[in-house]
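S.K.: Make a model of the complete structure from these sequences and hints.
Next come the chains, spelled out residue by residue.
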Amino acid sequence: MPATKSQPPPAAAIATSYLNAETTIRSWLLTTDHKRIGVLFLAATSAALALGGVFALLVRLELLTPDRTFMDAMTYNRFFTLHGVIMVWLFMIPAIPAAFGNFLLPLMLGARDVAFPRLNLASFYFYVAGAVVVLGGAIAGGADTGWTFYPPYSSQTPTALVPVLLGVFILGISSTITGINFIVTTHTMRTRGLHWFRMPLFVWAIYATSIILVLATPVLGMTLLLVAVDHAFGLGIFDPAIGGDPILFQHIFWFYSHPAVYIMVLPAMGVITEVVQAFSRKEIFSYHAIVIASLGIAFIGFLTWGHHMFTSGMSMFDAAAFGSLSMFVAVFSAIKVFTWVATLYRGSIVLDAPMLYFFGFLFLFSIGGMTGVALASTSLDVHWHDTYFVVAHFHFIMVGGTMMAFLAALHYWFPKMFGRLYPRMWSVVAAFLVFSGFVITFSPQFWLGNAGMPRRYFSYPPEFQALHVISTVGSWAIAAGLVLTLAYLVGSLRWGKPAGANPWGVASFEWDTPSPPPQHNYEEAPVVTGGPHQYWREGGGS
Amino acid sequence: MKTDALQAHYEDLGKQTHAARLGMWIFVGSEALLFSALFTLYAAYRVAYPGTFGEAAGHTDLLLGSIMTFVLITSSYAVVAGLDAARRGRTGRVAPLLAAAMALGLAFLVLKGVEYTIHFRDGIFPGRFYRFEAFPTDGARIFFTLYYFMTGLHALHVAGGLVLLGALAWLARQGRFDAVYHTPLELGGLYWHFVDVIWIFLWPLFYLLR
Chain A
0 MPATKSQPPP AAAIATSYLN AETTIRSWLL TTDHKRIGVL FLAATSAALA
50 LGGVFALLVR LELLTPDRTF MDAMTYNRFF TLHGVIMVWL FMIPAIPAAF
100 GNFLLPLMLG ARDVAFPRLN LASFYFYVAG AVVVLGGAIA GGADTGWTFY
150 PPYSSQTPTA LVPVLLGVFI LGISSTITGI NFIVTTHTMR TRGLHWFRMP
200 LFVWAIYATS IILVLATPVL GMTLLLVAVD HAFGLGIFDP AIGGDPILFQ
250 HIFWFYSHPA VYIMVLPAMG VITEVVQAFS RKEIFSYHAI VIASLGIAFI
300 GFLTWGHHMF TSGMSMFDAA AFGSLSMFVA VFSAIKVFTW VATLYRGSIV
350 LDAPMLYFFG FLFLFSIGGM TGVALASTSL DVHWHDTYFV VAHFHFIMVG
400 GTMMAFLAAL HYWFPKMFGR LYPRMWSVVA AFLVFSGFVI TFSPQFWLGN
450 AGMPRRYFSY PPEFQALHVI STVGSWAIAA GLVLTLAYLV GSLRWGKPAG
500 ANPWGVASFE WDTPSPPPQH NYEEAPVVTG GPHQYWREGG GS
Chain B
0 MKTDALQAHY EDLGKQTHAA RLGMWIFVGS EALLFSALFT LYAAYRVAYP
50 GTFGEAAGHT DLLLGSIMTF VLITSSYAVV AGLDAARRGR TGRVAPLLAA
100 AMALGLAFLV LKGVEYTIHF RDGIFPGRFY RFEAFPTDGA RIFFTLYYFM
150 TGLHALHVAG GLVLLGALAW LARQGRFDAV YHTPLELGGL YWHFVDVIWI
200 FLWPLFYLLR
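Those sequence lines, one after another, are chains A and B.
For the record, in the first sequence the residue sitting at position 271 is 270 according to numbering that gives the first Met the number 0, with numbers rising by one throughout.
For the record, in the second sequence the residue sitting at position 119 is 118 according to numbering that gives the first Met the number 0, with numbers rising by one throughout.
Treat the hints as calculated values from the structure; they're not laboratory data.
Do not take every clue at face value.
[Claimed, not checked] When the alpha-carbon atoms are kept at most 25 angstroms apart in a straight line, the in silico DMTMM-like pairs for lysine to aspartate or glutamate are as follows:
no.	chain 1	residue 1	chain 2	residue 2
1	A	K496	A	E21
2	B	K14	B	D177
3	B	K111	B	E54
4	B	K14	A	E523
5	B	K111	B	D121
6	B	K14	A	E522
M.R.: Written out as structure tokens, the structure is:
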């Protein structure tokens, strides 16, 4: 292993880890330990995933029949809006960076903590406050605008839009703080010998994500604040009736919300990069290709927002420019996909749960990415805009990409975080359930969209019913897989076999310290002499 | 050196200061982007209503706006003088200079309130409530909506900055800063200057570009 290896101390010495050093509830709620904050975020974002999932199941259930199944149209509108808001802002944006990023970044840098531990705790409470305000709004009447809050409808809707918008604004503060913290941590807390190009690629992914968080989130916050004030006091800044321009909202909204897609997918790619190396026992095919592609996506991602607006009235030139720039993102994504596949070549592939999710990610992300290129061409987009084709496309990227990677990360680092193993058989069953459920749910939506089924509609012509039924049944399989995962992971916390320091035999820095790690991560600051995952070195892997 | 300034997870004070400085600069950058959304709106609407914006700027009080600019920049000078005093080890001067900066910041807010009151008397309200008889157009309405939103958000930042300066003045009175350790003073000052810089952009946009 490239880092100076401290021999794992005997069992008695590792008895105090970050988990059992203090066990009072107060010590958890007021902790400044990045590992505990990571665990808090993991619990909170998992709860958000469950809640957003319940709304998704209800929406799919309603769509089982062409007309009203069991809820009225207004309730349906509220439910799909809450599904979107919860999944985007309470789960996907914070899940991987705030939970796994927090836990792993200092470990991977050989640091004792992040640069600003108290701010880190503040970030968690901003998240909680934002979640409470959003959910308070949901109980007070919900929002029915969809997660995009387009005016002029958003300034007139009778629903409780203001708390939802303010909640998202507060969540933005949480994201910004986390982003600043991670950038500064990466710059200043690297241990001796850990040059930029020796950092684990997950760190690069988190770093690129943090840059987007810091640059894009404030713009979104401001935009949503304007809509909130508009809704509450009739400011009318986007209201065409008194001289405003609703298209301007779309520009500013997507200036954030398109990069936000990369906030969701870049950390996922970072996880996937770690998992493919660990479970094929091979160093990444090209380290630099992944780094350059991550930064390239972070940069180009800021120049593609217009592809959401091809049908909003945009000049031919602008549409062509935004379309080509959007396709450019696919070049960087393809570099990553080919690098991962090349890493598999002649590796010793181990098919544990994280690796199954890697293959799931690869398959779904590729389909999602390629349909994205198709959508970026203006002529096709006019046909598919605001149809189920788009819904299927972004679910392939976001659920197929981010959620698969979230599950991969959970299964890969679970032993690191809690020092326990989970039952392999159940994890394989769950992975198959989630993957096949996903394909069954979202593949029919490509056909639905191409046939003309618009997104967000409450009712549809009877000839679409067969595909909708297939899609709804698929959603139950995903739910079953996730409930199963929750059950065996929670069970393993108590009854799982002790994992030992490095159960997967991985040659990456974070496994050099005991699992679960002691409070200050490393007994002595490690000195790094090479990159991570160098299995070809003597003693690489264990 | 104040040994208690070093936190447990840093190797030395140099690294810690570097981290704090970098963090503050990135924070200021993200704050700039918060305002950038509004500057973008201003630019877009100025293009959409070419003549109107210039004419509407003629209805704000140039003299009052310029006095406010002077007051705010002077307060920034007081903060710099405080930091300089700390660097030279004249720690007794820090708290009074910060108090002077706070007084000027407060004066800025009072003047802003006076200006709002004058506008309200003319019927210049934001958005739907706009009823300025001398200039009843949609472009002027949007100009003044942006005016209230941007100067209002700026005023909130000034208020936040005043709280920050108050905390720093209190710490300075406790003798927490000296020639070696004065990072909070430097970074708090940075934030105050940033609030200044935003005003330096607002001043031409709403008062000078007639």
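S.K.: Which earlier hints can't be squared with this structure?
M.R.: none
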